[in-house]
Amino acid sequence: MSRTRWESNLNSHCQRLNDYMTGSTGLAPMSDRATGLSKRIYLSHATTVSGFSKSWQGGALISAAALARKMNTTLPSDRLEVRLGTADNVFLFAAPFRYPDTSCGFLFAPTLEEERTVDGAASPFDSGGLDRNITFPKEYATAPDFLYQHEFPLPEHRNYLRLSMENLFSRPEHYIEGVPPKDAGCLGLAGGDSRRWTHEVRVPDRILLRGSHLQAVFAPRSLVSADPQLEEMFTWCRDSGVERIYLDAPVDGDFEKLKAACVTYIQATLYNEGINV
Amino acid sequence: MKELMSKVWKLAELDIIGYADVRERTLLPAIVPPVFQLRIDRDVVLLPPYKLDRDVVAGATSVSLMEAEQLKEAGKLTFLSGGAMKAADSCQLWLHRDGRMHYQPIHEAKRTMEQLGRDAMKRAIEELKDGRIDQAEVAASEAILYNDSPVEPYAIKAAIRRRQGNLAGEQLMAELARPVDPAAFAILVDHYSGNATPVQPALVRPDNRSVMDHIASIPVYA
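Taken in sequence, the protein lines are chains A and B.
Residues 1 to 277, numbered by the numbering used here, are exactly what the first sequence covers, in order.
Residues 278 to 499, numbered by the numbering used here, are exactly what the second sequence covers, in order.
The hints are simulated quantities; they were obtained by calculation from the structure and are not laboratory data.
Just so it is clear, CB atoms sit at the ideal spot from N, CA and C, and this is done for glycine as well.
Careful, some of the hints might be misleading.
Partial selection, computed: residues in chain A whose CB lies under 7 Å from chain B [to be verified]: (1) 225; (2) 226; (3) 229.
Capping the alpha-carbon separation at 20 Å, the derived lysine to aspartate or glutamate pairs in EDC-like fashion look like this [stated by the list, open to error]: (4) B:287 x A:254; (5) B:284 x A:183; (6) A:39 x A:115; (7) B:349 x A:139; (8) A:70 x B:350; (9) B:387 x A:254; (10) B:349 x A:183; (11) B:328 x A:252; (12) B:328 x A:254; (13) B:328 x A:131; (14) B:287 x A:183.
Which bits of chain A does chain B cover? Going by a derived footprint, with three or more residues having C-beta under 8 Å, they are [said to hold, decoys possible]: (15) 27–39; (16) 120–133; (17) 239–247.
Throw the hints in and build the complete structure from the sequences for me.
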């Protein structure tokens with residue numbers, strides 16, 4: 001872990017993006033909208049109902065490596081996170097819930113990053129996508145090499161997010177709404193989907209749930225009523241002022257309800273409040 | 278470097294190899310999102326979030342089979358034990374209370390699940406009448422898992438929380454039920470608590486839900 005290296009990465013990539021835009025369509029002026037949204041966008045972590053319930057029972061989201069240690073086992077060496085060197089991290093998106101869970105999710109305030117500035121890092125893409133779906137430039141021999149050069153510090157990675165929102169997307173809101181950027185930028189990534197341009201935040205070991213950073217919890221209403229752990233969680237959230245978003249069953253083949261509800265929540269809380277347009 | 282449009286896949290070209298969920302038996306039944314595999318390239322696996330619209334799946338995330346297997350190991354996916362099956366238009370994958378998997382036209386699945394929900398609700402009322410609170414609660418949960426729209430099973434659970442002296446739990450059930458009229462819901466809870474006269478459940482049935490309610494609801498209680 002090296003915050004110095006992460007800062008150096010960030011500075012050079014911000015400069016590269018500045019130069020790239022200046023050399024193509026021209027650098028967009030700094031906008032209040034992109035500044036506000038990039039600073040205040042929440043951190044999301046979607047999970048299965050089983051993971052949601054167990055996390056609450058254990059009091060924290062914990063990394064795959066920490067979970068393995070807890071169970072006196074080790075992760076297989078060919079596991080993606082082991083190969084990337086990220087197995088000891090809890091993964092979040094600085095974006096709405098996106099992939100692959102459709103049932104439940106935790107949304108954290110960006111203040112979480114301020115407590116993990118020493119050990120937490122971010123990248124301007126989903127590192128898991130580097131495995132096969134997203135291709136990276138040949139000058140990097142391996143996915144871990146590429147990731148190493150694109151780790152940014154918390155919370156300053158949001159400066160790069162602001163630049164991306166302003167320059168690569170038709171509108172800053174498109175990043176949140178999942179509309180692909182009009183320009184893929186200069187990272188050299190190709191293929192894949194929203195994972196290619198969604199900021200990933202990695203926090204080592206664990207994230208406590210009953211803390212001041214928990215912003216909102218999302219789950220199907222049927223599961224909250226049926227699972228005692230979820231009932232306890234939502235009751236605690238109700239008493240603690242954490243917002244609760246209930247989803248209806250996907251009877252119509254719509255398995256984007258979690259994602260859509262999260263976008264709606266962000267639109268309701270960030271688009272109109274406290275952000276100058 | 279310009280972006281490509283997001284992709285849409287024809288269901289006729291896909292197999293189902295699993296679903297993107299892992300459920301304890303106590304949290305069944307459930308409608309689950311299929312994990313698709315491209316028939317002409319078995320290494321392309323499609324995962325949610327996505328929308329199924331008649332004969333297509335739109336907005337899915339494409340991953341390799343290896344990544345899908347790793348997600349299974351990570352407890353995020355379940356693979357079908359009997360191997361792949363063909364995907365079909367306008368069909369729904371759902372798990373019965375007993376764990377059996379069904380894949381059938383959406384309207385048939387809806388009808389079956391609503392009927393099973395009504396059956397579970399009847400059992401809940403009977404169990405409650407007979408004082409078997411634990412069984413009544415299990416049956417009410419089953420009714421909600423089959424069909425989360427009717428408010429009566431939530432009222433039974435709220436009544437049980439009241440009997441347990443759990444006011445917070447009772448209030449949470451009211452929040453989950455989204456009754457059109459909270460006062461009418463309270464009367465229904467009184468009824469199931471055994472300290473009031475019966476009410477017409479139709480009084481509190483949320484018939485007037487908006488389209489947004491079916492997508493998600495940001496609670497007014499926050």
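Each hint, compared with the structure:
1. 225: 5 Å, holds
2. 226: Hint holds; residue 226 (chain A) Cβ to chain B Cβ min 4 Å, cut 7 Å.
3. 229: Nearest chain B Cβ about 10 Å off; hint violated.
4. B:287 x A:254: 16 Å, holds
5. B:284 x A:183: Answer holds: residue 284 (chain B) to residue 183 (chain A) is near 18 Å, not above 20 Å.
6. A:39 x A:115: 15 Å, holds
7. B:349 x A:139: 32 Å, violated
8. A:70 x B:350: With a Cα-Cα distance of about 16 Å, the restraint between residue 70 (chain A) and residue 350 (chain B) holds, given a limit of 20 Å.
9. B:387 x A:254: It holds: about 14 Å lies between the C-alpha atoms, which stays within 20 Å.
10. B:349 x A:183: It is violated: about 34 Å lies between the C-alpha atoms, which goes past 20 Å.
11. B:328 x A:252: Answer holds: residue 328 (chain B) to residue 252 (chain A) is near 9 Å, not above 20 Å.
12. B:328 x A:254: Given that 20 Å is the threshold and the Cα spacing comes to 5 Å, the pair holds.
13. B:328 x A:131: 25 Å, violated
14. B:287 x A:183: 28 Å, violated
15. 27–39: violated (count 0)
16. 120–133: holds (count 4)
17. 239–247: holds (count 7)
When each numbered hint is compared with the structure, violations occur for hints 3, 7, 10, 13, 14, 15.
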